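Sequence lines, in order, name chains W and R. Quick note on numbering: our numbering labels position 206 of the first sequence as 206, and the sequence is numbered without any gaps. Quick note on numbering: our numbering labels position 177 of the second sequence as 1177, and the sequence is numbered without any gaps.
Treat the hints as calculated values from the structure; they're not laboratory data. Some hints could be false.
[Unchecked claim] Some residues of chain W that are not near chain R, with every Cβ distance over 12 angstroms (derived):
id: 1; residue: Ala-56
id: 2; residue: Ser-126
id: 3; residue: Leu-180
id: 4; residue: Ser-194
id: 5; residue: Val-203
id: 6; residue: Thr-351
id: 7; residue: Glu-386
[Claimed, not checked] Covered, in the sense of this in silico footprint (three residues per stretch, anywhere, with C-beta under 8 angstroms from a C-beta of chain R), are these stretches of chain W:
id: 8; segment: 64–71
id: 9; segment: 183–193
id: 10; segment: 248–258
id: 11; segment: 277–288
id: 12; segment: 298–304
It should be emphasised that the depicted structure is a prediction, and the values quoted were computed from it without experimental measurement. Just so it is clear, CB atoms sit at the ideal spot from N, CA and C, and this is done for glycine as well.
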Amino acid sequence: MSQSFSTWKKEGTSFHLVPTDKFKTTTILVTFSAPLEAKTLTSRAILPYIMEKSTAAYPSMKALREPLETLYDAGLYADASKFGEEHVISFQLDVVRGELVHHPSLLKEALELLEQMVLYPDLTESGFREQFVKQEKRLHALRISSLYDDKMRYAQQRLLELMAPGEAVSLPSLGTIEELERITPSSLRDTYRSMIEDDRIDVFVVGQVTKEEMEDALSFLPSHSEKVSHYIPAQKPVNGVKRSSETQPIKQGKLHLGYRVAVDPTSADSIRMQIVNGLFGGFPHSKLFMNVREKESLAYYAASRYAALNSALYVYAGVDTKEAERAEKIILEQLVDLKAGQFTDEELTQTKAMLINARRQILDQPGQLIGWLNGSKMRGLTLEDEIHIIETATREDVVRLAAAINLDAVYLLRGEA
Amino acid sequence: MMEQLTYHDTDETVYHEQLDNGLSVYLLPKKGYEKTYATFTTRYGSIDQRFKKGEEWITVPDGIAHFLEHKMFESEKGDVFQEFGRLGASANAFTSFSRTAYLFSATSLIEQNLETLLDFVQDPYFTPESVEKEKGIITQEIQMYQDNPGWRLFFGLIESMYATHPVRIDIAGTPESINQITADDLYTCYHTFYHPSNMVLFVVGNIDPEETLALIKANQAKKDYTDRPAIERDYGQEPHGVHRPRLELELDVKTPKVLIGYKDESVRGEAQVRRELTSELLLHLLFDQTSSTYLELYEDGLIDDTFSFDYSSEEEFAFATFGMETEDPDKFIQAYETLLQTRPDFTEDEVTRKRNMMQGKFLRALNSPEFIANQFSRHALAGTNLFTLPTLIASITKEEIEARFDELFAIENRAISIVKPYA
């Protein structure tokens, strides 16, 4: 593994570069981060959908998308997401390497469109264009209500609300219908201006690009004073197990458990915690898969996920509602066993090998590389450092860290079809 | 002898050899990649449920190809996932209408992982007890899909388009059909469809082609595959036109979803690849944000970000689909019926732009070893070549696309599927 990375700051913007010629593409991601707040979330969630549809110089979807198609399907999209206690609006450009299609200026031409999208949105005197805002509000309402149709996502959202009612981390990422109704063309313009003026900016590039080329290509970004990060939520103690359930006319019940994890997400222990999660429910050899699925035939999926940033661990399983109680009992027992050190050396070695394999594979996908760079910047560790931490972790580490996992909430979506 | 094929327009080289036992091996070294991804694919999927066993035609329970895929992971020594886990690899498998693929991805111990893949797929082991236990797991998998509106919408459409062709059967079967499956049934299907001559092995990533081929050859030489039985399959006689023009289903959803399908004729070989690409170009010309009608449809709420389209084709069937989430499915259906009555005038510029777009889309996809292995295997089993796509795309004319419009959008080939909230 010999991939080099570099990170530096210039005029308040953080640059992250992975120079490589192994991909057919160059990928660029520009992110704007602000504190996650209920009052701005919905407006920031809809803004990228509007900004990616037109710009001042390309004032329709057709006008904007035509040059992108000609540029060999250059991808140019805006998106919004939650990252701990921050809200992130991102603009992504990925474009085929010019020499593959005998078009050397391809990247330069595509960057011009990225600049148009970020700096010169389609504004009139009264804000974003009325007709687009109206259409997008209708569509956004549809997106919000469609969450109900995806039962796994729906159950997870209910679990988050149960764990942290009213807190930023449990806000629905698309926002709310109530806030959506208040949005106007001019309020959206204010949201856009605040994004440009107040947000922290990060830039990620993966491709055959040098530091100088990267700075030059993105010199259009606004310069401002350095902004601090504030994405890490405070640790919360567990105060008894909260329970909630509801019933819908569906075939399969959804059992979701939320645990609090008392581990600093910026520490090396947060990397070791991936081993605990791996033994518990991260892989097909994990305790959840082996017991809930293979031994008891109770589920098709039963897995766990460690969300380091939220200091939380989630378990989810799709089970026959009649068997939900038994499944929960078995899930709880698996963690008790882990805490008591009841796992074999082979399971430990296997889990480490799988985690290391997954980390090496990150280098083979531009999107994953950017995701890793973004997620790991709070720790300041390299990929090699992370692999070393995993390799040298001991059985004692696992037992010590398993003790930091405490059940906080159980949500059950019952089926009665 | 190993054959070396270099494709300059994609900057990729593929090595190929067909082994003595009939297995087709393809190797694609990917410079600078950490991982190696391998797929071992048989031309056997959910549609192959009626075939010849010896002299006799037999019909096996719905969902058996997928059930067999699950059970292959159990060996006499134990669980195959554990074996891959010990080697630091992640393993998986999937069953489609016409293929079953077993795969792993790993960044180390590639030789051992490759041997493990070949050995477990070539060593079936089923007991009545383990077959019974799997039924609970797969029943939950089926129930999960039953609650998935997108899946129900799609299968509602397929069931409506096809009257007799087994593509209309859900890949996983039903709780009732899988309940009938026995260990003997699994052995019958295995011995019919898992002969190396019916399979393709594709390895892409951080590999040396000579060494990798030597390892595969040595592994295969140890196994006894002398006979090479012909496989006879029966898909029935599918009548022309659709089985049922419209199907509505009530589910626990907030927003209605509509999917329209046009059943197409399927041809063989490269002609089918050309037809598939021409159809894709046509759908892009009609429905992309750059099409002449998009803005008007968008303003009327008849197209938006939830709109999607697709063209699917296998050797035995082909169809185009498009649909979206909408409060008013009937308004949507009416609008598209009118829209597709008259072919729009495409310009040469538009067609050139779409060809560029398709070329770029293909090149971008080549970043993914998964895409290369899965798609190359699909083509190889159909006797075509994935890497001819750039040349084919460049050669498709405006007239061909227009002819496709006239062929595809006939009302007797149209079926509609709707998922809506409980009344």
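Do the hints match the structure? See the list:
no. : hint    : verdict
1   : Ala-56  : 18 angstroms, holds
2   : Ser-126 : 20 angstroms, holds
3   : Leu-180 : 15 angstroms, holds
4   : Ser-194 : 25 angstroms, holds
5   : Val-203 : 20 angstroms, holds
6   : Thr-351 : 8 angstroms, violated
7   : Glu-386 : 14 angstroms, holds
8   : 64–71   : holds (count 5)
9   : 183–193 : violated (count 0)
10  : 248–258 : holds (count 5)
11  : 277–288 : holds (count 3)
12  : 298–304 : holds (count 4)
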